[in-house]
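Please put together the full structure from these sequences, using the hints given.
Respectively, the protein sequence lines represent chains A and B.
Just so you know, the first sequence maps onto residues 1 to 119 in our numbering.
Just so you know, the second sequence maps onto residues 1 to 165 in our numbering.
Hint data in this document are derived by calculation from the structure and do not stem from the laboratory.
Remember, it's a predicted structure, so these values are computed and weren't measured experimentally.
Lysine-lysine pairs mimicking DSS-like chemistry, simulated, CA-CA at most 27 angstroms apart: (1) A:Lys93 / A:Lys115; (2) A:Lys112 / B:Lys18; (3) A:Lys106 / A:Lys21; (4) A:Lys63 / A:Lys93; (5) A:Lys2 / A:Lys21; (6) A:Lys106 / A:Lys93; (7) A:Lys21 / B:Lys18; (8) A:Lys93 / A:Lys2; (9) A:Lys2 / A:Lys106; (10) A:Lys106 / B:Lys18; (11) A:Lys112 / A:Lys21; (12) B:Lys18 / A:Lys115.
Selected chain B positions facing chain A (Cβ under 7 angstroms, derived; list incomplete): (13) Ser19; (14) Thr22; (15) Leu23; (16) Phe82; (17) Gly83; (18) Asp97; (19) Ala98; (20) Glu101; (21) Val105; (22) Gly108; (23) Val120.
Positions of the beta carbon are idealized from the N, C-alpha and C atoms, including for glycine.
Listed below, chain by chain, are the residues.
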Amino acid sequence: MKILVVDDSATMRRIVENNLKTSGFEDIVQATNGVEALANMAGIELVLTDWNMPVMDGLSLVKEIRSNPTFANVPIVMITTEGAKEEVIQALKEGVNDYIVKPFTKQVLLEKIEKVLEG
Amino acid sequence: MAIDDKRIGDALARAMDKSLETLAFVEAIPLNEDTPPLPDELVPAPRTTTNWAKTPIINPFKGEIFLLLPPELSEMLTEMMFGMLDEGELDQSLVMDAIAELSNVLAGRFVDELLEGDAVFELGLPERGSVSSDAEVPLPDTHMHKLDYAVEGYTLTVVLAGVDF
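Structure (structure tokens):
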């Protein structure tokens with residue numbers, strides 16, 4: 001499975017990648033913002049994205065993905081510091097499949113991924 | 001809307017616990033007048049170089065949260081956060097990115113605790129730097145709270161600056 005990890009923080013991209021690779025997910029692509037992510041969407045089967053990023057933020061990225069017929073059904077999980085109910089609702093309305101608030105454990109990450117892939 | 005000291009201290013303590021323990025598997029012991037004296041082996045050494053990272057808080061409070069810590073602790077936390085690092089991979093760029101992310105996560109959890117979990121907030125993008133002493137950290141010229149923590153034998157300082165703090 002090819003997974004796209006989007007975050008302006010190299011640390012957070014690595015943490016997510018390490019958690020994925022130690023769980024058997026080998027094909028990981030990284031992007032530092034929404035524009036880079038869109039340029040790397042070919043073949044992607046799951047997107048894990050931060051919200052607050054320069055150039056193009058996560059919510060804008062979600063809107064772009066959902067408006068593109070080629071990628072409209074790719075599952076998206078948002079991983080972010082913003083965890084208020086209203087923001088979660090806004091993200092879900094824009095097409096995010098699920099939401100993780102930082103900091104998160106590997107177990108939470110894997111449970112959310114499993115849940116969206118089953119859905 | 002200035003927030004009282006106890007509410008700030010309590011929110012920060014909970015945020016520190018959540019952030020450091022989940023991300024880096026370490027405990028932060030508050031160093032304040034209420035803290036019993038630490039055993040000698042846990043008393044932190046003074047900083048000779050300071051790495052700093054800050055995350056702006058934009059809404060509903062206006063301010064910044066800074067982390068100040070020595071390079072040794074910065075590297076330790078980076079290694080803990082990454083879990084797996086290749087030989088020679090731990091460089092200054094990685095370390096500074098890690099502490100910037102730590103400040104970002106801490107800021108988010110701190111504001112969330114202040115708002116008791118259910119209000120919208122907005123953070124800015126983190127910044128970071130390294131200076132030869134705390135005096136050179138670009139703290140703003142506003143009211144601030146400064147809280148020290150003992151983490152793995154080193155001092156980590158959190159500074160909350162801004163009119164609301």
